[in-house]
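Could you use the hints to bring the two separately framed chains together as a complex?
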Amino acid sequence: MREITLADLDDIATGAAILGTGGGGDPHIGRLLAASAVREYGPVKLCSLDELPDGAALVQVAMMGAPTVMVEKLPSIDQVSAAAGALSGYLGSGLTHIACAEAGGVNSLIPVVAAAQLGLPLVDADGMGRAFPEIQMVLPTLYGIRATPMAIADEKGNRAVLDTVDNHWAERLARSATIDMGCSAMISSYAMTGAQARDSLVPGTLSLCAELGRLVREARAAHADPVAAVVARLGGSTLFTGKVTDVERRTVTGFARGTATLAGLDGDAGSELTLRFQNEHLVAEVDGRVRATVPDLICTLDRESGEAVTTEALRFGQRVTVIAAPADPRWHTPEGLALAGPRYFGYDLDPVGAAG
Amino acid sequence: MRIGIDVGGTNTDAVLLDGRQVLAAVKTSTTADVTSGIVAAIAGLQEQRPFDPADVRAVMIGTTHFINALVEARRLAPTAALRLSLPAGASLPPMVDWPGRLIEAVSGRGYLVHGGHEFDGRHIAELDEAEVRKAAADMGQAGVRSVAITSVFSPVNAEFEARAAEIVAAELPDAAISLSSEIGRIGLLERENATIINAALRELAAHIVDGLASSVGGAGITAPLYLSQNDGTLMDVDFARRYPVATFASGPTNSMRGAAVLSGLDTCAVVDVGGTTSDVGVLRHGFPREATTDVTVAGIRTNFRMPDVLSIGIGGGSRVREGAVGPDSVGYELTSRALVFGGDTLTATDIAVAAGRAEIGDPSLVAHLDRGLVEAALRRIADDVADVVERMRTSAEPLPVVAVGGGSVLLPDELAGAGEVRRPDHYAVANAIGAAIAQIGGEVDRVYAVEPGRRDAVVDAAKQEAVDRAVAAGASPSTVRIVDFDEVPIPYLPGNATRIRAKAVGELQLTDAKGR
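Protein chains in written order, with UniProt numbering: chain A, 1 to 356; chain B, 1 to 516.
Just chain B, same shape as in the assembly (with noise of 0.2 Å):
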């Protein structure tokens, strides 16, 4: 048995998973500290089902409170920026481009010192190591306790952030380091801002990562437990500890892959129905589809992996007005003000009720709504959504849509464009399946210089350093196949460069004291 939770904004779902059976699924409402909303939730799930605490063999857990952390510039650490790359980049000094706020949020300092990489190998300047002491040691007077350092192509050659962070922790014993070349891709500014905003979480990390495991551990349990990634895979709670920036968009990356469990397909569109918005997103082979493009997050302009995700201003909660559904919503609220609930504001879910899609509240309060409007309502969700799956297909064939969350019931059983919408069993705790089936992964994205007649090896060498690096990770070496590829060839560059991406995943491997 697994348990998958899934701490959002508003509610904390969980479920009790065998194999891939649902054995129980309770939603409980989010609290301040959270921990007290997850052993709420796990009390749940012994109520409908109860568990011997001994036979659960891990917790899976997915949560938006890091990016909320961040955007919210709360309990961030003081935090500096060492960027390794003089004589180049003097122009541009690391936090150039964030929002004044958030440099203040962070104490935000920022040190250059000579070194760095060309594309091919070479060094631009050798590390200087007096200056990187320097620069830790006034660190050390500022009160700065977790430092990013940034070194330029280190996603080539790593070898000036690993000595550069040998020399800080030597200076600053105490302090949290994070290294860009483990966190972000080619694109020195995008990975350096990164890196800076998970260096400023590691504090906020560590605590609620203790916070998370005595409320799995108050609770009996004994199992390992893991956090979930944007892409879909774990990472351990030591590795969630220093890589918080690698949970961001968990959330929707989660209620994707259960809905691709409790649907069956692995390529689809998934509509995600929340109170506020409704997310879509594409799997492929059972994995989100990723963005592309840098993601802005909290005003900062980054490129970790997210997945690509179109979000519109339609849910359960959302404010319908003649000819209009949402974008505002009445959000947490939603139990005082909808109508059903004896509120005074006409919603989606009072919409939903009068149309007898769902029984929430007293839906006599809504029998008097006119017809024209309420169809009307509904038409138009119906056309929004669509439109929105409709943008996110790649190819003329027909993609299956699949809905999920608690507001799916205000989807038709048909989408224009799309056909049948699929509603899967317990589609309102997708996400916490997810956590809970999320799977180990590796990856490799670097730049190689292709010699002629030597592609195939290089790629093969890629492809088997990602399956490495996911085993290395905790995956079952028998499961593990790559899920993701992609070459593109850098023009300007000689000597063919090309860079490569692969993507490895497989089952999380678990084995218990009784060798189960």
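Only chain A is shown next, with the shape it has when bound in the complex (with noise of 0.2 Å):
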């Protein structure tokens, strides 16, 4: 794919809600969003992190906030441009690419918004390979790349320029602005040039999305299996089909965490599947037992579509079957894991790994 065109979207759609194991807010609006903003100023290159130039100055862009105020109160094209455009102004210098936060659900689509209005390429790459809940849980903190300066806009005009001493207070003042604003911000963040991006993203993961849509809706239109089909691209592992029996969920410090029961069905009939999240899955036990944990992807998918179906949309009584598959290994050594492993998320719990 050498550029994101109306027909693409769908598909990246499809991919990046997979990708957002269960979090990653419904990646519906941001779609329409990019679609909207497509075709007002046209296709979005698309440039690998091979192709970039060592002197490249990019940013990232993603929708920071509630999901759930973003399908009512819907962002707009222009707000999504002026946090790339507040940061530029704050660095004093010109932007040449856009860059993903996360691969997954929202925030794979709403890049795609700005580098059409700002005419920029967009990089083929994001800070995590999946999405995590926090600013600070990328790859690039691990490479001592700072957060901040970073942009946050709301719909209104508002604008904060923040300069934090570290990616965690990045994260935890940005939460505080993003509330005032109306729980629906957009933010520009992680100003990098094209060789700390070369070392520091994980390469190809639009391309990835839109691949993973592709063989969905494929296998689908062919009778197939498209649960088989995603699980063989992620290089990753079936760990079970079942019946969602049980949903409880609670907020806690502004997240949602919960836990889903699934009862088997079929090769698992008999066992139970208990799925421990805060937006995003982050521990998965069968019989007890622990099959997978964060950093690895835990994806719970329909059993007959392949579509994602994410924390907030399970239901008692939905098939869903539940798969793994492995993070960037970056995301396994002891300062990924305590950047983002079970620990970080309250879990006395060693990461249990996911490869097939």
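I should point out that these hints are in silico values taken from the structure, not numbers from a laboratory.
Some hints could be false.
Computed footprint of chain A on chain B; a stretch qualifies when at least three of its residues, placed anywhere within it, have a C-beta under 8 Å from a C-beta of chain A [to be verified]:
id	stretch
1	89-96
2	122-131
Partner residues aside, some chain A positions facing chain B, computed with beta carbon under 7 Å [as the list claims (entries may be wrong)]:
id	residue
3	Leu32
4	Leu33
5	Val69
6	Val71
7	Lys73
8	Ser76
9	Ile77
10	Lys156
Cβ-Cβ distance ranges computed for the label pairs, FRET-style [claimed, not checked]:
id	chain 1	residue 1	chain 2	residue 2	range
11	B	Gly100	A	Gly235	39 to 45 Å
12	B	Gly342	A	Glu218	41 to 47 Å
13	A	Gly353	B	Arg371	53 to 59 Å
14	B	Asn68	A	Ala221	26 to 32 Å
15	B	Glu72	A	Arg220	24 to 30 Å
16	B	Pro53	A	Arg39	58 to 64 Å
17	B	Gly372	A	Gly270	33 to 39 Å
18	A	Arg220	B	Thr335	33 to 39 Å
We put the CB at the ideal spot given by N, CA and C, even for glycine.
If you want it as structure tokens, here you go:
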């Protein structure tokens, strides 16, 4: 894929929801917004990390806040670009490329909106290779790249630039500003050079989203198994197929934590799987034994259609297949695990790998 | 006594009930004008069981008319969507994701003005009344006759929608106005879409409701007329004029509710076998389980309440081939194309007759059918329906199955994994019975800030409001109970924001001049 056209957006949205590992927000609004931007400003050039000049100046663009708010207070194209514009102004230098903070959910499509309006190429890479809930949870943090200066913009025209002592503070202050701005804001952060991007980003993730979406679509058209196609492409494994029998949710410090219980079907009949999530899925246990944890990807897919099921949409009675797939190996280093391993999320567990 | 009528695409079914006892039941053909079919149905009831029209205390009608009008894009009013959201939402204007032919069919126009609320009730911007007035004037120029008004977070606070409605009504006194806060839930585009659909159907609704009222009145019945809603509760005719969208899924809901009453089961799976499809739904406490995802209607994403129904292409009119039943059907041509009627097409009805499960048409015309073929077709139907029932089950507990609809003779007496299939008396008119026994409901669906230690008080207040709304809508207070409750914390929001949904229903309070 050399450029992103209108025709690619459905596949990217389907694939992004899968890499969202149950979180990342419903990409529907992101897809509609990207479609409006591409219709108005034309297709977006996609630039691989290999092609990126060392001296390129790129920034990440993302939506921050509650997906529930975003589907009600719809963002606009101008608001997305305003964040990148404010950061560029603070840096005092022009931007050459836009990048994605995460591969997953709505934030795989928001950068397409910024790239289209600003007329800049989009880097085919992201900071996580999946979705995570907090700003500092990106591989660039491991490389000493600062999240700030970062800009945050609301739909009313308010803009703020934060310059913080570390990336955890960026998360904390941006979260406060987001709430004041009405809980759905656009941010631009992690300004870096092309050389830094080549070191620290996960390559090829937008292409991967598009490919996953295409595999699901084609498998369905051929009456083949879309879940199997996704597992094969991600080099992962099928953990469990079952029916959701219980979902328990509670809000803890602004995040929706909860558990879902599935009763096994087919080969898993008689077994039970428990998913523990905080927006994204964090831990999967089968009959009390931990089978997969963060930072690896735990995805819930509709057993028939292969479509991702978000943690917000999990309901009694759904038939889902739970799959696990390996995260970028850098997440399994001691530093990576300190940033986004099971213990960071409050589980006294060693990470369990998911390599198929 | 009460009369229940279900106006389907093919058949108009009617029943006369005394309490829950069926006194008479008829099946007639639906007519193009709807009303003459209803007149014929009521006359049919009179023939079967003569009654004094003055003794009828309520008439309940379920109709698929409005959803058909949308799908066929006919008789839709020129409609404008007014959204109070600026400076938010400018890039995704109203009807942004609609099929072009439907935008054309409603002569759709979209207007964005300043206003709307944040999640916590703050104003995004003050409502710009001059902008609303200007938009209304432009609508008047363009010949708009119905207006859908949607404000950001109106399920939390509807004040701007109400104020904008006053301004539009002053400018366009003849226009019908629909407010999103009365129609859908959180999710602006989906709620706005449902509101625009409702607005586009308002004129047709007035026309149809008048027709229904005159056909019932023409039969000498003076009792009040009600229409059944998607959730199995009733609305009066004034409500139906204002909220036609609330009738959209009443067909399957009525069948399921009727099955509950006929079988005496209030938690079961219901299989409604019609001419073209079999619809499977699940009843919990006597009410259909609702779909939790957005529902696409005629290519438009909406988020109003619809029953969770799974359909497969198996019905009495399904074509039968070697190894396959359906999904294509001969539909309303069954009586000319099925073998038992002297036609040339092997249908599921022929299979039922050949197997001795039904007496329809001329059985000698299917006597030659190969036994193996007949059994294979019946097994295929049983397996496919069993699979759908299994998919709808939500727990390991066995769920009893109730079969209704004219085509239910196609089902075996036992389904794999589900056990015995109950086929209650009057199964063919379960939908009309469901309409007749529908109840009155009240609902709350809102985001609350739940302060520490206040959860119980907030939950109680929400439930009480649902009960109050049911009583205000005509439910008998002593019968009202909460039938559905759901609370979901919303992530990334401060103040422990929680979305609470509560639904209350009760029996319709029936009184007449004689105090009966």
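Cross-check of the supplied hints:
1. 89-96: holds (count 5)
2. 122-131: Holds, because 3 residues of the stretch 122-131 of chain B bring their Cβ atoms closer than 8 Å to Cβ atoms of chain A.
3. Leu32: 6 Å, holds
4. Leu33: OK, holds: leucine 33 of chain A within 7 Å of chain B, min 6 Å.
5. Val69: Holds, because the Cβ-Cβ distance from valine 69 of chain A to chain B comes to roughly 5 Å (cut-off 7 Å).
6. Val71: Because about 5 Å separates valine 71 of chain A from the closest Cβ in chain B, which is inside the 7 Å limit, the hint holds.
7. Lys73: 5 Å, holds
8. Ser76: With a closest approach of 4 Å, the serine 76 of chain A hint holds.
9. Ile77: 4 Å, holds
10. Lys156: Cβ of lysine 156 of chain A sits 6 Å from chain B, so the hint holds.
11. B/Gly100 <-> A/Gly235: 39 to 45 Å: Holds - the Cβ-Cβ distance for glycine 100 of chain B and glycine 235 of chain A, about 42 Å, lies within 39 to 45 Å.
12. B/Gly342 <-> A/Glu218: 41 to 47 Å: Hint holds: Cβ distance 45 Å, inside 41 to 47 Å.
13. A/Gly353 <-> B/Arg371: 53 to 59 Å: With Cβ atoms ~57 Å apart, the hint holds.
14. B/Asn68 <-> A/Ala221: 26 to 32 Å: For alanine 221 of chain A against asparagine 68 of chain B, whose Cβ atoms are near 29 Å apart, the range 26 to 32 Å holds.
15. B/Glu72 <-> A/Arg220: 24 to 30 Å: 28 Å, holds
16. B/Pro53 <-> A/Arg39: 58 to 64 Å: Check passed, 60 Å falls within 58 to 64 Å.
17. B/Gly372 <-> A/Gly270: 33 to 39 Å: Given range 33 to 39 Å: holds, Cβ gap about 36 Å.
18. A/Arg220 <-> B/Thr335: 33 to 39 Å: 37 Å, holds
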